[in-house]
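Trainee: If you want the building blocks of each chain, they are given just below.
2 protein chains.
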Amino acid sequence: MPKIIDHEQRRHDIALAACRAINRHGLDTVTLAQIAREAGSTTGMLAHYFDTKWDVILAALRLMHDRLESRMAKRIASQDGNLTELLADTLPIGSERRAEAAAWLTFWGSALKHPELLEMTKKTHADWRAIVARCVAQNHPSSGTWTTAVRDEVVSSIVMFMDGLSVKGLTRAEQYPPRQLRKLLENHLQRLLAWADEQV
Amino acid sequence: MPKIIDHEQRRHDIALAACRAINRHGLDTVTLAQIAREAGSTTGMLAHYFDTKWDVILAALRLMHDRLESRMAKRIASQDGNLTELLADTLPIGSERRAEAAAWLTFWGSALKHPELLEMTKKTHADWRAIVARCVAQNHPSSGTWTTAVRDEVVSSIVMFMDGLSVKGLTRAEQYPPRQLRKLLENHLQRLLAWADEQV
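Chains as they are written, first to last, in numbering that gives the first Met the number 0: chain C, 0 to 199; chain G, 0 to 199.
Just so you know, the hints here were simulated from the structure itself, not pulled from any lab data. In this text, a Cβ means the ideal position worked out from N, Cα and C, and glycines have one as well. Just so you know, not all the hints are guaranteed correct.
Listed next, with one range per pair, are the computed distances between beta-carbon atoms [unchecked claim]:
1. G:T30 to C:T30: 18 to 28 Å
2. C:A46 to G:D126: 40 to 50 Å
3. G:M119 to C:H113: 19 to 29 Å
4. C:S77 to G:D126: 18 to 28 Å
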């Protein structure tokens with residue numbers, strides 16, 4: 000009887016190993032061999048599941064995003080934390096979040112020369128906007144009265160601001176420590192939500 | 000009589016050539032040989048002015064920043080444009096600005112594994128904050144009555160937001176076209192300045 004392999008599970012395990020390998024070696028220099036070693040596998044076996052190094056990396060980024068999504072969904076459902084605390088959970092604070100944010104920043108920098116890679120993270124960006132919208136809806140009930148245009152502006156403004164917090168939290172960590180990042184986010188949200196409530 | 004060489008001028012020419020080479024080949028893959036070719040020089044001659052590829056790249060980034068600085072200083076002095084227009088001039092709109100913003104984004108992604116490179120761009124960041132502060136001071140006279148804390152918050156909030164606009168303008172250009180970037184910036188500034196004026 001042939002050995003039964005759960006291919007989806009195997010792809011997931013490899014992506015998880017890729018996350019660890021990326022965090023250890025850096026996204027732009029990590030090799031397929033290093034990812035294979037981390038996954039307790041061989042490059043030959045990896046090739047069975049992924050075509051190129053970038054396919055593994057895209058799967059790893061997607062996995063990080065899925066984990067973020069389910070973590071936030073749980074917190075939203077259990078009403079754990081206010082809007083600032085919920086969103087701050089995705090900032091580069093602590094070693095795990097820093098590694099995740101760093102993987103994205105390096106990916107963006109490397110992918111600028113490869114538009115097809117950016118195209119492949121389009122859905123992740125749409126999902127991220129949906130998470131932000133859900134956080135706002137759950138934590139700011141008056142948002143139910145906003146127009147679609149106001150809701151879109153609020154989500155875009157949060158998305159932009161958080162990208163900036165991420166970049167500066169990673170590249171200028173001494174100047175913008177965690178407390179400062181949280182405070183800037185809190186102030187931004189306060190001004191933005193007050194403005195949105197006035198637009199009705 | 001020995002040939003007189005203006006070494007400062009030569010360093011400047013090489014940095015300028017490096018900007019062009021980075022824009023053509025990408026920051027993470029550009030080689031010293033390509034920069035030398037662009038400068039009409041040899042790698043041996045380049046080594047006379049710079050120790051490593053990264054030294055040339057840091058000089059190129061600094062040069063881009065200096066050009067941005069003098070461009071904005073001129074516009075501030077001639078009162079050319081309102082605050083949104085002034086700041087929007089640094090967003091990735093048009094091929095030249097896109098190339099500059101792309102060089103920074105790739106640098107950030109690559110430099111995360113090299114803290115000493117990030118350290119060497121510390122002054123550039125301080126200068127950038129000073130430019131933003133000057134733009135605000137010139138275009139929003141009531142800012143003269145703000146406390147230092149409010150002024151710092153305004154500068155930080157603009158810096159964060161513009162990083163986000165830059166990242167998304169580069170990586171999700173189809174979703175956030177130039178008009179959208181400008182509008183988001185304008186709305187952000189309106190809310191922020193109104194808030195700051197109320198803090199007096």
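Trainee: Quick one: which hint numbers does this structure break? Sort them smallest to largest.
Mentor: 4
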